[in-house]
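Participant: Got chain U sorted already, so can you dock chain F onto it with the hints?
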Amino acid sequence: MTTVAKDYTLAELMIVQAAEVFRNDGEVLATGIGVLPRLGASLAMKTFNQDLMMTDSEAYLLSEPNPISGRKSHEGQKSETWMGFSRIFDNVWSRKRHAMIGPTQIDKFGQANISALGGTYEQPKIQMLGVRGLPGNSISHANSFFVPSHNTRVFVEGECDLVNSIGYNPERLPKGYVMEDIDIRVILTDLCVLNFKGPNFQIGLQSVHPGITVEQVVAATGFELFIPENVPTTEAPTEEQLEIIRGLDPQDWRSKQLKDNPPGDRS
Amino acid sequence: MNKQMSPADVVSQIKDGMTIGIGGWGPRRKPMALIREILRSDLKDLTIVAYGGADVGMLCAAGKVKKVVFAFVSLDFIPLEPYFRKARQSGSIETFEIDEGMLLLGLRAAGWGMPFMPTQIGLGTDVIKVNKELKVIDSPYDDKEWVAMPALKLDVALLHADRADVRGVCQIKGPDMYMDEQMARAANKTFVSVEEIVETDFFAQGDESRYVFWERSLTTGVVHIPGGAHPTSCTPAYGFDVPHTKEYNASAKEGGFEAYADKYINGKTEAQYQELVGGLDAIKAIPLPVY
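Residue numbers (the numbering used here), protein chains in the order written: chain U, 2 to 268; chain F, 86 to 376.
In isolation and in its complexed conformation, chain F is listed as follows:
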């Protein structure tokens, strides 16, 4: 089976109103080229589930988002995401704001075919007050109350990985897979952009198969986009682009997202985007962050 496809093929399988899970964490290993393809499309009314960064901010700024399911939206070295902030402060998006671990539990519930996962997280806080869809239930086994974290079923998961074969075996070589494999498991369809396409035998070498975190039956499509996580990081290939992210952040104060998108995204191919940010070699030369 050959699952290789183009970014346009991916977007053609996404419909208005769908729930989209986006992999990565804050400014790390986001499928940004696929996000840019959505930004160029007519898609709207999306529900986004993410450990959010500029992916969520850009989609909000472009009016693609109806609702965000989140624990945080942050650029990390710039703590607050400027366009997510604008969207919240203008009251233009619905939210389901939950703890980072609850988000994981919701994805696991969806992946395991369960309606909810019981957890104590959220008790005693406004999380159980402001989220009307979140129920607190009694336990059949003890006298405590528990939060029933509902399954976060995804229509589509969008992920970025280091490499894959065309059959959908995807490898993450960075130090953390974040919740990407949970997203793949929670989704009806999973599309993965990758730095590199390799032959299947690649995974038979050494311990390469140890860095494959979900089985290929969960991968619907593979998109070859080297540098496709830019301006987020794809450790060990490249770090996050701090100057570019600062420019993006500054655009919220002056010029607005429209100006940023006109300069880098609207009417431009991914190849043109990469040229505008210095070229693929420059992306691959961005140093890794040291914490």
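Next comes chain U alone, as it looks inside the complex:
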């Protein structure tokens, strides 16, 4: 029996939705980068997909996810195999992975950018991280994105300033590839859940979070979204899920991830 929660934060709703993206993945490495995606992947592994694999964010795979807060050392964690960075790449290239990361820019093709903004490539206006593992992740395995603040600076009008990851862009499709070779699943934002189920992989609305309107989402997005006839409201977490989340994050780091820690229902 489950009980739908009445009192929950937006961060907790987003953790549960982050967990949902891993529900039907089977036995793959679930990588959630950042507090809320990691809690989502951990929640999925503790509940509806116990076959998931997860790292300690250092060098081991775990048979049980580590709590994200409240630990003083890695001692006592449930390690099952060594998983240093070089083996992570072996895993990536074996395709048995689903990563959820938070890009700085995402465009209408699902291409993402965490490297640089503005200016020229030789002299960007703002240098960020570099392309990191995005080119390899995007062409090797399933990917989802996490956007803590849904706005037109993230969801840009044209292409990303620097295209770090392959998306559903016919102009850039490599020779010998079809669109179906690319596997971008979900974009989870603070306003809604988006997927790529519109015509020709167009980004479309899967659900809007409680108290958010379709119009708000459209206004905060720099490109045209596919809007189905009926857009459901994102489901609330259950009390049982909240209990597990509290166990994974005893120091409530999740409350510090979104500006002003809004309630889950904003109506």
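Treat the hints as calculated values from the structure; they're not laboratory data. On a predicted model such as this, the values are computed, not experimentally measured, just so you know. Glycine is no exception: its CB is placed at the ideal position from the N, C-alpha and C atoms. A couple of the hints might just be wrong.
A few chain U positions that, by computed beta-carbon distances, are all more than 12 Å from chain F [said to hold, decoys possible]:
#, residue
1, 3
2, 48
3, 79
4, 201
5, 233
6, 260
Selected chain U positions facing chain F (in silico; Cβ < 7 Å) [said to hold, decoys possible]:
#, residue
7, 132
8, 164
9, 177
10, 180
Facilitator: Then chain F, alone, in the frame of chain U:
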């Protein structure tokens, strides 16, 4: 054979314009004492290959760098490296920006004596557009196109390890060797700073030899510098120095790298550096990070 040498000996074997691979990952197990020795030298026009952190930032800030081969440059708990950022935003360095895995493939190709490694990584992205040296080729076995990731041959690899004997058997006891052994294999010469020098028989005990990831013929020189990874971590000996890294990061906003370098590096020995950051005991007491 005794391969023990001083930091100055290492730097004397590096020439202007060389390609230098630096081991470690972001703020983890960087050969920072050797980097500081380069900062004190007249070396210039270096090409740096690294999973970059403050090593890359400091070398850029000191004007030592012509080009950086990178997938990221980050201090991790401070996401953006302030001086790498300045160097990029002023357009003062050349780049070869590739995926983390491509960097590994390039090192492997160099280590295995191959001109390139075919990979699908980079297809569909700007990686194959902005890097003119990166070619996309046809396969003799299928109808797809492939990225030909060129070998990243290193003139020199600089690494930091937990311990070594004087013959160059190097041990990494931390949970991850990162790509250090690939760097050693890709390099013409590999110099390793270590926390501790041990007798050869040390490795015959228990499973100690299981933590040796390359054979000694790849090690050119061993430099004994306990605490030599500071302010980066050398798990399990010590964690990264968060307050010091914050001070370094803040110097980019106020004072500049010159002020940081004058305070800690320029005209100072490594022993004086360690005193200025609290002493070797304090370095060894820095707690390990928990992720």
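Participant: Compare the structure with each hint and give your call.
Facilitator: Outcome of the hint check:
Every beta carbon of chain F lies more than 12 Å from that of residue 3(U), the smallest distance being close to 31 Å; the non-interface claim holds. Distance check for residue 48(U) against chain F: the nearest CB is about 22 Å away, which clears 12 Å, and the non-interface claim stands. The claim that residue 79(U) is not at the interface with chain F holds, since no C-beta of that chain comes within 12 Å of its own (minimum 15 Å). At roughly 16 Å, the least C-beta separation between residue 201(U) and chain F is larger than 12 Å, which holds for a residue marked as non-interface.
Non-interface status of residue 233(U) relative to chain F is upheld: no Cβ of that chain comes within 12 Å, the nearest being about 32 Å off. A cut-off of 12 Å between C-beta atoms confirms that residue 260(U) is not in contact with chain F; the least separation is 18 Å. Because the closest C-beta pair between residue 132(U) and chain F is about 6 Å apart, less than 7 Å, the hint holds. For residue 164(U), the interface hint holds, the least distance from its beta-carbon to any beta-carbon of chain F being 4 Å, beneath 7 Å.
Restraint check, residue 177(U) versus chain F: the minimum CB separation of about 3 Å is within 7 Å; hint holds. Given the 7 Å rule on beta carbons, the hint for residue 180(U) is violated: about 11 Å separates it from the nearest Cβ of chain F.
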